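Participant: Below, each chain spelled out in residue letters.
2 protein chains.
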Amino acid sequence: MSGGERPDPLEERELASESVFEGCLLKVRRDRVLLPDGKQGVREYIRHPGAVAIVAQLPDGRLIFERQYRYPPRRAFLEIPAGKIDPGEDILACAVRELREEAGYRAARWTHLGVMHPCIGYADERIELFLARDLSHVGSALDEGEFLELLTLTAEEASAAVHDGRITDGKTIAALFRALPLLAR
Amino acid sequence: MSGGERPDPLEERELASESVFEGCLLKVRRDRVLLPDGKQGVREYIRHPGAVAIVAQLPDGRLIFERQYRYPPRRAFLEIPAGKIDPGEDILACAVRELREEAGYRAARWTHLGVMHPCIGYADERIELFLARDLSHVGSALDEGEFLELLTLTAEEASAAVHDGRITDGKTIAALFRALPLLAR
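Heads up: the sequence lines are chains A and B, in that order. Residue numbers for the first sequence follow this note's numbering, beginning at 2 and rising by one. Residue numbers for the second sequence follow this note's numbering, beginning at 2 and rising by one.
No lab work stands behind these hints, which were simulated from the structure alone. Check each hint, because a few of them may be wrong.
Which copy is meant is left open, so a pair is good if it fits within one copy or across any two.
[Stated by the list, open to error] Calculated lysine to aspartate or glutamate pairs in the EDC-like style (CA-CA distance at most 20 Å, straight line):
{"id": "1", "residue 1": "K40", "residue 2": "D144"}
{"id": "2", "residue 1": "K28", "residue 2": "E150"}
{"id": "3", "residue 1": "K85", "residue 2": "E145"}
{"id": "4", "residue 1": "K85", "residue 2": "D38"}
{"id": "5", "residue 1": "K40", "residue 2": "D165"}
{"id": "6", "residue 1": "K40", "residue 2": "E147"}
{"id": "7", "residue 1": "K85", "residue 2": "E102"}
{"id": "8", "residue 1": "K40", "residue 2": "E145"}
{"id": "9", "residue 1": "K28", "residue 2": "D87"}
The structure presented is a predicted model; accordingly, all values stated were derived computationally and were not measured.
Using the sequences and the accompanying hints, generate a full structural model.
Facilitator: Written out as structure tokens, the structure reads:
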């Protein structure tokens, strides 16, 4: 996608960068950039450490989902287990940790499905997608202030739930897109 | 998904809300919330006006894509035409406008594919997904400071590009998930 050796003609170059908000969760930066036409522009965006999301398949073929209340859009969502990458943490180690903490399972077989970018317009976040199989139950350990309900769907039910609008979460849809061909039994 | 008449046991209730950053693009709020266990928590999030994204199919069956540099992740992405909803703007009117401005087409046949939520952890943004068919070329008119390259992919090429990681943009993957069954010819 990038132009190899040549600079990308669409590239925007950083001229200056400043932190404009440092919260508990969100870090916001404002940069002055050089646009392709030689003019200058302003870009405001979230710095994010990255995350993982996991399609986890039980021995009976069903997939693990969570119902979790998401305050910004003010409703509960049907989504797959996911979580932020700790500083310096390996992405697979993070996926193993999140699947255990949120759903209470470990997996003997892991497949990296690739990466997705949830909101390229105003965040640098990337989410590493995994498929976890050969699960065994070990018990969950939710973080303080984390609340969720676990449920399972077959691959067909999950696909239908995207199509009828019961699943609208971007990372969950992207992970299912990548995982579904691998789940054919 | 919500519990009907009964309050959702996972719900987090707003106790206080304040604006902590108002930029040109980003509006950030910090709320104090009541958690399901009766404790209090803090939620920081982006307020976003919402957006549209359009799978646009040319008469020969090919789909319109854009290659656009996205400053936050610092690379160009392969994505479908999309844009923010103006205050009070109808979502279909917005989709018609964005398809014309960014790609230079109008469509005689529009299908609403549903909604997706790109980053439920820290933004209230929802993206309304559309399928546009029976296109005719009318010429584009990009906004000031907007730069992109247009290209086309068949539905099969687009699906393959998600699977091989050339398409990683969340809204594009979600829109393709919803549109692909309707594009079978």
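Participant: Decide, hint by hint, whether the structure agrees.
Facilitator: Structure-based check of each hint:
1. K40 x D144: Intra 46 Å, inter 14 Å, cutoff 20 Å: inter-copy only.
2. K28 x E150: Classified as neither: same-chain Cα gap 29 Å, cross-chain 31 Å, threshold 20 Å.
3. K85 x E145: Answer is within; shortest intra-copy Cα gap is 15 Å, inter-copy 35 Å.
4. K85 x D38: Answer is neither; intra-copy 37 Å and inter-copy 23 Å both fail.
5. K40 x D165: neither (44 Å within a copy, 35 Å between copies)
6. K40 x E147: between (45 Å within a copy, 11 Å between copies)
7. K85 x E102: within (12 Å within a copy, 36 Å between copies)
8. K40 x E145: The answer is between: 10 Å across copies meets 20 Å, while 47 Å in one copy does not.
9. K28 x D87: Answer is within; shortest intra-copy Cα gap is 15 Å, inter-copy 26 Å.
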